[in-house]
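There are 2 protein chains.
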Amino acid sequence: MANPTAAMLVIGDEILSGRTRDANMHFLAQELTKQGIDLKEVRIVSDDAAAIENAVRALSEAYDHVFTSGGIGPTHDDITADCIARAFETPIDVRADARALLEAHYAKSGSELNEARLRMARIPDGAELIENPVSTAPGFTIANVHVMAGVPSVFGAMVASVLPKLTGGSPLLSQTLRVDRGEGDIAATLGSLADDFPDLSIGCYPFQINGVFGANVVVRGVDGARIDAAVTRLAKDLEL
Amino acid sequence: MANPTAAMLVIGDEILSGRTRDANMHFLAQELTKQGIDLKEVRIVSDDAAAIENAVRALSEAYDHVFTSGGIGPTHDDITADCIARAFETPIDVRADARALLEAHYAKSGSELNEARLRMARIPDGAELIENPVSTAPGFTIANVHVMAGVPSVFGAMVASVLPKLTGGSPLLSQTLRVDRGEGDIAATLGSLADDFPDLSIGCYPFQINGVFGANVVVRGVDGARIDAAVTRLAKDLEL
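Taken in order, these protein sequences are the chains called A and B. Going by the working numbering, the first residue of the first sequence is number 1, and it counts up by one from there. Going by the working numbering, the first residue of the second sequence is number 241, and it counts up by one from there.
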């Protein structure tokens with residue numbers, strides 16, 4: 001059976017302007033690979049309502065799961081939750097259980113649960129909360145979309161709350177063979193290998209170190225024995 | 241006049257599997273911001289022909305410029321050039337000027353210009369070559385799509401070849417004000433500032449250092465005097 005598929009939607013002007021380097025995508029990619037969920041596409045859009053809504057709709061229809069990061073804080077530019085509600089044509093309002101979480105949290109820290117912070121309890125109808133052990137304000141899952149914070153420590157904690165609940169597939173395994181030859185010298189051999197192992201993905205990633213050209217050949221798939229066979233054959237073909 | 245808009249398309253299984261952390265997006269975002277071209281969207285797709293073609297078509301229609309990275313090397317998984325040709329319904333073949341560049345390069349280095357390497361001279365009809373001072377094999381521009389390599393040193397050199405030829409807009413300027421208060425405490429003030437400066441983008445990026453909550457408020461726009469005014473007003477409102 002094919003693995004479940006996923007897409008990620010990163011929301012934030014700060015990534016697109018080059019101010020911030022996104023860290024969540026790389027983290028999520030690694031976690032999904034371990035769990036056998038195939039990340040097929042990532043989109044990064046700005047804090048723009050139409051862009052967010054259109055991307056959520058398109059990705060939610062195309063993939064089994066969508067993971068979003070960013071835009072669920074207390075400030076005016078945090079518009080993700082409302083956009084998700086509109087994308088699913090469902091009402092959104094402050095929800096009692098989310099509000100109770102925030103009340104307890106801010107009572108303990110001595111901060112005021114003001115109007116801005118209360119926005120973080122706005123949850124679309126029919127959603128399920130995602131636990132946030134770092135800073136309390138929850139994410140949520142609606143249909144196949146998991147809505148999480150952009151701050152990397154919080155995003156990571158929310159991913160850890162969500163992933164165990166999802167049905168994974170066969171974890172993607174890989175082996176890497178480093179070849180100290182130019183990519184163009186081994187391309188024909190790799191092409192023939194790819195033809196003979198259509199169930200595996202064979203990638204070639206060139207590098208240049210101290211003027212020497214080489215390439216890392218990465219063989220990926222869900223069947224460890226097949227990967228072994230392909231790497232053994234490759235080493236033999238290249239006379240390594 | 242509004243700035244030109246741009247999208248980036250990153251092509252590569254190695255990013256989506258979490259093996260490699262993309263570096264080109266962050267670099268391009270910074271370069272475009274300097275030149276006054278607004279990066280509006282990034283998509284990352286796998287080495288899959290349909291995914292590449294669909295993304296190229298969608299982004300080429302929606303934005304003034306599209307920058308792609310990855311998939312133009314000599315190996316079987318380098319399918320970008322052929323996908324771009326199909327997306328624009330134009331023929332593709334080995335082109336004489338691109339071939340001559342590779343011949344001279346490999347003659348000098350003593351390597352063979354074999355069939356695999358010759359694939360790097362496949363250029364869609366009507367495209368213009370993008371110079372590659374690092375490793376010779378050229379990128380190309382067709383319509384509003386700039387097709388470049390994924391290896392960061394080569395991608396960077398190609399961006400440097402392309403960007404001076406594009407008409408930029410007003411560079412995006414920004415000022416950052418660090419506020420040592422919780423995001424929720426300053427949200428109302430920021431919302432009011434955003435209402436009064438609709439021409440500026442006001443972002444709030446929370447952090448937590450040694451248990452203290454704070455936020456960097458970033459004010460972005462193309463008019464330096466307006467940004468000054470907004471930051472001065474913010475400091476006054478927050479009694480900093």
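Just so you know, not all the hints are guaranteed correct.
As the list claims (entries may be wrong) - Computed beta-carbon distance windows for the label pairs: (1) 477/B to 21/A: 43 to 53 Å; (2) 96/A to 288/B: 29 to 39 Å; (3) 476/B to 49/A: 46 to 56 Å.
Claimed, not checked - If you only want the chain A side, here are some residues facing chain B, beta carbon under 8 Å, derived: (4) 13; (5) 14; (6) 40; (7) 41; (8) 75; (9) 167; (10) 171; (11) 173; (12) 190; (13) 191; (14) 197; (15) 199; (16) 200; (17) 240.
I should point out that these hints are in silico values taken from the structure, not numbers from a laboratory. Using N, Cα and C, we set each Cβ at its ideal position, and we do this for glycine too.
Q: Please write out, lowest number first, the hints stated earlier that are contradicted by the structure.
A: 1, 2, 3, 9, 10, 11, 14, 15, 16 and 17
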